[in-house]
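As a plain string of letters, each chain reads:
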Amino acid sequence: MLWNNIKLECKKAIFTKLFFLVVLIGCTITMFSLLPHLQSYYRDISNLKKFSEEFSYIRNPMMPMETLFNHWIGGEATTPGSTDYFFLFPILVSIPYGWSYCMERRSGYIKNMVIRTGKVQYYLSKYIALFLSGGLAMVIPLLFNFLLTAMFVPAITPDPYYITAYGIISSSFLSEFFYTSPFIYVFLYMLVDFIYGGLIACLCFAFATFVKNQVIVVLLPFFVLLGFNYICTSFIYTSSIVIYTELSPMYFLRPVPAVYDTNGFVVFIGVVILFLFTLTATIVKEASNEIY
Amino acid sequence: MKYIKLLWFDIRNGMIYNPMLFVIPVMVALIACFDLTNQISALNEFKYFETGIKGDFADYMMYMYGGMDKYVPEPGNPFIFPVRWTVVFLVLPFITLNYPYKDMQGFGQQILVRTRGRTIWWLSKCVWNILSVLVYHCLVFGIVALFGIAVGGGISGEINKDLQYAIFQIARDSILDNDAPWSFVIILFPVLVSLCINLLQMTLSLFIKPVFSFFVVAFLMISSAYFTSPYLIGNYAMPVRYDMVIKDGVSITVGLVVSLVLIIVAVGVGTIRFHQYDILNKE
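Residue numbers (my numbering), protein chains in the order written: chain F, 1 to 292; chain Z, 1 to 283.
It is worth saying that the hints were derived from the structure and are not from the lab. Built from N, CA and C at the ideal position, the CB exists for glycine as well. Hints are supplied without guarantee of correctness; some may be wrong.
Examples of chain F residues lying across from chain Z (beta carbon under 10 angstroms, computed) [unchecked claim]: (1) Met62; (2) Asn70; (3) Ala77; (4) Leu220; (5) Ser234; (6) Thr238.
Could you build all of it, start to finish, from the sequences and the hints given here?
Put into structure tokens, the structure is as follows:
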């Protein structure tokens, strides 16, 4: 019964026009990262070619500087695509299904469902569906960009000699994987992004328990993250000579650190806080409330 | 008379009964003020200026509305979005996003049928939007003025150029050579751009879902921060990028014309669109 419920909710969350539209928007935004990077990549290759023609040979072509792992959207923080994507992702992950609980409560659909399935099953399946839709909406455009970039730029393993070309130093989160098994690094970062994307989408469900309006519910996670970033910038990162740990998901979900490095502890604590908050507000609290 | 009643209804339901419109600007302004006070203390501590300074009201305003210096994309220079500016300019579209849409489906629908005039209904929403923008920014101005007085910085309206160049970390080669003081108008001008953005968003909501219209506005603003271009309206909301502040900045006159034209277009297109808008097919 629970499994059927989860399947039904997932179908409602993922196989919809809205989900495909959001993924399409996400993929389009990532193109604004790919195109400038391809342009710079081919310019560098052409310069190298001219150089080798002029001097007959090149002692060090510095090939590891031009690798897939610093040309895909997660490996750079300088293009408009990367900027827009990692700024707007809280809205993108919330749009596909963040509105559903508000809508179902208003229309009375929830009453019909709860009679047939029970409260906990209904809330649990909705939570899982929201988590999956948010996670997929976050990761599919990243994966699309990674694969598309891989069609043009070779996946040379990054070399620590050219550390300035990557921006990932020894204190960076998962840096040991970046210089040894970069595919695992990308996979792990996508996993982190998937989990955060899912939990941020679940925030909509949590907010929907005390906000009635679906437009506000969908946009609220974006403002929570933006507000958190604002507070961090104003009260925590106050000195320009201190190296802080990145606390804002708007920055640390980008595989290459834009401002400060993050660490596994911060990422883990973020997941725990989001998970406990969303779970308590939805399955624990809301499931014990009267719905009639 | 009918219009006044309609407008009063919108003011009451969309502004007076909307606590977010009053609470959020106060919080945003206070956080920015404390932040700048800390930064000024740090600069004074390091003896950055020859004499110790206290921030004036205009300095605090410039800090809130300033935006960011031109971004030059190059390896080793990641783009860091101007979070304070983004909060100031995106919170307002969020606050005003829902009311017209909600009203169209609720009690406002009955009013719309009884007034027998879609134009006055739409114009009432436009005026409500303009008033909301003014209330929001007036609250910010008011809080900052009170803060300026409280910290003893004064409310003279003079912007300390050296302080702003230091705070916004303006590239040395972008700084203008002249010593002419910056007019206080450069702080008032972003309010007009904010008005324009809000009206555009409201009109856009007649064509696409409100969430997507907000998404378009957010995309436009973050793109404006990234590109210093006269074609991206967000640039005119950043006093730090005006041609009277930096070399190769955007023209404030062009910004004025563009904003006014867009306001007229938003109201006009909205009026035309709303005449054909099906108010019954919404959720």
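Hint check results:
Below 10 angstroms, beta-carbon pairs count as interface contacts, and Met62/F has none with chain Z, the closest being about 13 angstroms; its hint is therefore violated. Taken as an interface hint, Asn70/F checks out: its beta carbon lies about 9 angstroms from the nearest beta carbon of chain Z, inside 10 angstroms. At a threshold of 10 angstroms, the smallest CB-CB gap from Ala77/F to chain Z is about 4 angstroms, leaving the interface hint in force. Hint status for Leu220/F: holds, given a least beta-carbon distance of 9 angstroms to chain Z, under 10 angstroms.
At about 4 angstroms, the closest approach between the beta carbon of Ser234/F and any beta carbon in chain Z falls short of 10 angstroms, and the interface hint on this residue holds. The interface hint given for Thr238/F holds, since its Cβ lies 6 angstroms from the closest Cβ of chain Z, which is under the 10 angstroms cut-off.
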